[in-house]
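With the hints as your guide, set chain B onto chain A.
So the protein sequences, as listed, match chains A and B. The numbers in full-length UniProt numbering rise by one with no breaks, and the one at position 76 of the first sequence is 76. The numbers in full-length UniProt numbering rise by one with no breaks, and the one at position 387 of the second sequence is 387.
Source of the hints: derived by calculation from the structure; they are not laboratory data. Be careful, since some hints might not be right.
Note that the list lumps identical chains together, so a pair holds whenever it fits in one copy or between two copies.
DSS-like, lysine-lysine: derived pairs with alpha carbons at most 30 Å apart [unchecked claim]:
1) Lys93 with Lys493
2) Lys169 with Lys493
3) Lys493 with Lys99
4) Lys407 with Lys417
5) Lys493 with Lys417
6) Lys417 with Lys207
7) Lys207 with Lys93
8) Lys102 with Lys116
9) Lys165 with Lys479
10) Lys291 with Lys251
11) Lys479 with Lys417
12) Lys479 with Lys493
13) Lys479 with Lys169
Listed here are the chains, written in short residue letters.
There are 2 protein chains.
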Amino acid sequence: MALSTAMNMMYNINHAPAIHSAGVNCLPLQTIQGHQKTAVPVDCPQTKKSSKGASRLAESLSHLLHLHIDTPPRNHNNEHAQIINWNSLTEEKHSTPTKSPKEIISHKWHELHGSKGWENLLDPLHPCLRREIVKYGEFAQATYDAFDYDSFSEYCGSCRFNKSKLFEKLGLSNNGYQVTKYIYAMSHIEIPSWLERSHLVHDSWSKHSNWMGFVCVSDDHETRRIGRRDIVVSWRGTVSPSEWYEDMQRKLEPIGSSAEAKVEHGFQSIYTSKSPSTRYNKSSASEQVMKEVTRLVQFYKDKGEEVSLTITGHSLGGALALLNAYEAAATLPGLPISVISFGAPRVGNIAFRDELHQMGVRTLRVAVKQDIVHRMPGLFFNESLQKFDDITGTLEWVYTHVGAELKLDVRSSPYLKGSLNLTGFHSLETYLHLVDGFLSTSTGFRSNARRDIALVNKACDMLVDELRIPHCWYQLSNKGLVCNEHGRWVKPKRDPEDIPSPTAHDHHIHHSLHLIDQLDDNNSQLQPSYVF
Amino acid sequence: MALSTAMNMMYNINHAPAIHSAGVNCLPLQTIQGHQKTAVPVDCPQTKKSSKGASRLAESLSHLLHLHIDTPPRNHNNEHAQIINWNSLTEEKHSTPTKSPKEIISHKWHELHGSKGWENLLDPLHPCLRREIVKYGEFAQATYDAFDYDSFSEYCGSCRFNKSKLFEKLGLSNNGYQVTKYIYAMSHIEIPSWLERSHLVHDSWSKHSNWMGFVCVSDDHETRRIGRRDIVVSWRGTVSPSEWYEDMQRKLEPIGSSAEAKVEHGFQSIYTSKSPSTRYNKSSASEQVMKEVTRLVQFYKDKGEEVSLTITGHSLGGALALLNAYEAAATLPGLPISVISFGAPRVGNIAFRDELHQMGVRTLRVAVKQDIVHRMPGLFFNESLQKFDDITGTLEWVYTHVGAELKLDVRSSPYLKGSLNLTGFHSLETYLHLVDGFLSTSTGFRSNARRDIALVNKACDMLVDELRIPHCWYQLSNKGLVCNEHGRWVKPKRDPEDIPSPTAHDHHIHHSLHLIDQLDDNNSQLQPSYVF
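Only chain A is shown next, with the shape it has when bound in the complex (with noise of 0.2 Å):
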């Protein structure tokens, strides 16, 4: 959809008439290439007053084009097929532990953290630094894994677990980290497949609001570990490449108070949006994770403890990190502020790109080459068009990526399949296995890599048949559904505990916190027959 639409853009420049693609897999690349050589138009009275920078847009447009969709070569499997000896692979990653010994980081934190912005850390990749990005990524992931998908269930769009259990359902237990806060969010603009549950389902938990993220923070091992007490929120995007991101790419707003700088008003909506109508969303996602990492700030620097902040997220996750760390440099000044997404797209312009910088915030973003969505919004209209100003006149409008980057490239890996997969190459579990593999460019992928490789092909195909695993192969048994004791299928009811409430304050994870959560102000006037 994106391609196509970024073909005809690329087509009315030229004005050559536009070619009815069969389909993204075969873009006949060379013939619009040899299209543009021979169709610009030269006297043209329409195109005259800018043929020169057009022509030079259209050239930069294909040459990013290009750049997207370019597969790796045909034999690129059979090559590492030939040398790789599947079977004994296989029995042999079975037994090798996922997870090496922890490395002290403590001393060098504040470089991890992106204090110099990750310099000389990127390309060959710091192993420690390797390390925290998977941390931080399966935060992320953990956002996926827990969200209840089922268009029928009463509890569609929230956490499947209390966030007592968060990681250890997901086998994260070790992680060194506790969630303190689950964070929801609505949206005053309507965004299609964002809301997924049925309107059949008349005792929703919610109509309007989805769990977006969770607020954790570093026990006292990983404190002595890293040498911080890390306060890490975690937010939810999407898991494929959807075509709300058009949607979305309304129009830019300001933000802050700074008259200049602009960030999308799609991202900025589920940021900030809250209804005193709702349940979950009588505070805005951004009120309720600023007053959580506010109160966490306070409470340990009260103590005497050095504290960072780390926000990560994929996808639409990656966005509204970004937002996030904006809102929190300006509301928590001095305090260290990271922002470490994956595969996340543009969020604002040029301007706010720059306040970020300046209030210290560091933005590591991990980019898959061959991923579209953290090319969107701006796939046309971004940093690389400062050299069109003829054309662009100013650069308020234009999209901007922030930071530093770490680009992957998944054909990298002798593991995965090179065929164009936009739903595989936007997956989280794709990143985080390019990255557990990367050592740099010019390297290959890492022998000694040892997160397990089947969790790529969690939500995908993206593994060489080679290795048997099956695709999108995450699923519960039967759906959910369990035989009762009359021998009747059934969606059993949830554990009381994991059912969302909006005034939850769970008292297990305060107590080892030494913290007691406050209820919520907005939520205390919920009446009674509403806490279910």
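Just chain B now, with coordinates in the frame of chain A:
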């Protein structure tokens, strides 16, 4: 596919231009019927010879076609929705047992087994017959539920469970039968999508054979209830109405000693193929099943018991059931033999039907009106063409159905969507649901039907959304992958007793039957290294 072919055929007969239909969902029936009336050429030399027959044929085809694809009125489901309180229905159903106490039918088993051709038992449907039909249908369903569909599995195409545990694993422990033998089949003709295992699986349990069904026998308790020792053969079919039915319609070939009886070559190939180089088909499915049935009949007759043979199957399995019945009747004269089939295609010609009848085989075909498979092969060239003998000439090549028919209608159930759904209409669970609810052609769905409604959606999307049952919910947790002690997602090894073995002789079951299974003579030459 079949439908569009059918549409083209109809048009060719009328010599009217073919209209490219947008899809099976919106076949322009009225237009077609209108077309016929005006477009039949009266004077065209090419068609004059058979114009009268062709016209009548076209009319008949249109009528047939109309029967296939007519959908219920648009407000069908809405009407039901207005009178059904889905939530309270769901609550109530969830706590109602799915089984009633079984009646003793020992005094009327001959009639229920078809001794009088099920006369006066089908409309209204006798309650005891209804339960027996469902019982046999669940044997057929078991062949789907236990089949290993995983194309990456080394056991793809086998049964996932040992025969002594089959019913237990599927929640059918109390059905009163015990499995004594598994049947394997291969084919000497190429049947697309029949052997689905990946070419990458070099360690496959078998390269040529599929698990194709089982033989089971009633235990003492059930034998007393039903009045005889009941030997059952259950044949596996295909879950969806796949295109390979078309491929199998190659030619009729002779069967048995008669020169006239003919059956479809493809079905016969599956039933009779064998090869000494295979592991599981050194003997054919026919030889395997006849050896076991003969053994069981002899064993129980020697004990002075009354014995019956009931053969069941859905889809392709129903076709194999008829071939099996034909052979059994010829081999074991005097044995009461019934076939109860579900959505089975036509198998042979009229002589085949007549011979089956003469040998005393009783056949009850359960057919859903909207299902297309039971109209194949011979969707057009079948017994309804007897009146068009100026066109068809001889009837030797005309497919025909056999026996009595229990006709069901998707629209009779308020729980089912009416919209065109070829997979759903053909699904065996849909059939069993409709049998369970059938009273008579003139009355509505049985209000006290107890079979669990959720089962319908196991492998399709037929239930109205109001029931909030996920579609295609019958699935393994994580497609069978489990996280091992190293944190890696792997396919666990099968329990040794669940690994298929051509020489299997399980003592559990045979102890309880006081039978010692004899090793297959062919298989006893197997190299020890082959037995895994």
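Do the hints match the structure? See the list:
In this assembly of identical chains, Lys93 and Lys493 lie within 30 Å of each other by CA distance solely across copies; the values are 16 Å between and 38 Å within a copy. Both within a single protomer and between protomers do Lys169 and Lys493 lie at most 30 Å apart by alpha-carbon distance, with minima of 17 Å and 24 Å respectively. Taking CA atoms no more than 30 Å apart as the test, Lys493 paired with Lys99 passes between copies only; the shortest distance there is 24 Å, against 35 Å inside one copy. For the homomeric pair Lys407 and Lys417, the shortest alpha-carbon distance inside one copy (18 Å) is at most 30 Å, but the shortest distance between copies (49 Å) is not.
Proximity of Lys493 and Lys417 under a CA criterion of 30 Å is satisfied inter-copy only: 26 Å between copies versus 40 Å inside one chain copy. In this assembly of identical chains, Lys417 and Lys207 lie within 30 Å of each other by CA distance solely across copies; the values are 26 Å between and 40 Å within a copy. Taking the shortest alpha-carbon separations for Lys207 and Lys93, only the inter-copy value of 27 Å comes in at or below 30 Å, while the best intra-copy value is 45 Å. Taking the shortest Cα distances, Lys102 and Lys116 sit within 30 Å of each other inside one copy (23 Å), while across copies they are farther apart (78 Å).
Taking the shortest alpha-carbon separations for Lys165 and Lys479, both the intra-copy value of 21 Å and the inter-copy value of 24 Å come in at or below 30 Å. Taking the closest pair of Cα atoms, Lys291 and Lys251 come within 30 Å of each other only inside a single copy of the chain (28 Å); across copies the shortest separation is 76 Å, beyond that limit. Proximity of Lys479 to Lys417 under the C-alpha cut-off of 30 Å is found in both arrangements, the shortest distances being 28 Å within a copy and 20 Å between copies. Taking the closest pair of Cα atoms, Lys479 and Lys493 come within 30 Å of each other both inside a single copy (14 Å) and across two copies (24 Å).
In this homomeric assembly, Lys479 and Lys169 come within 30 Å of each other (Cα to Cα) both inside a single copy, at 17 Å, and across copies, at 18 Å.
This entry satisfies every hint, going by the numbered hints stated previously.
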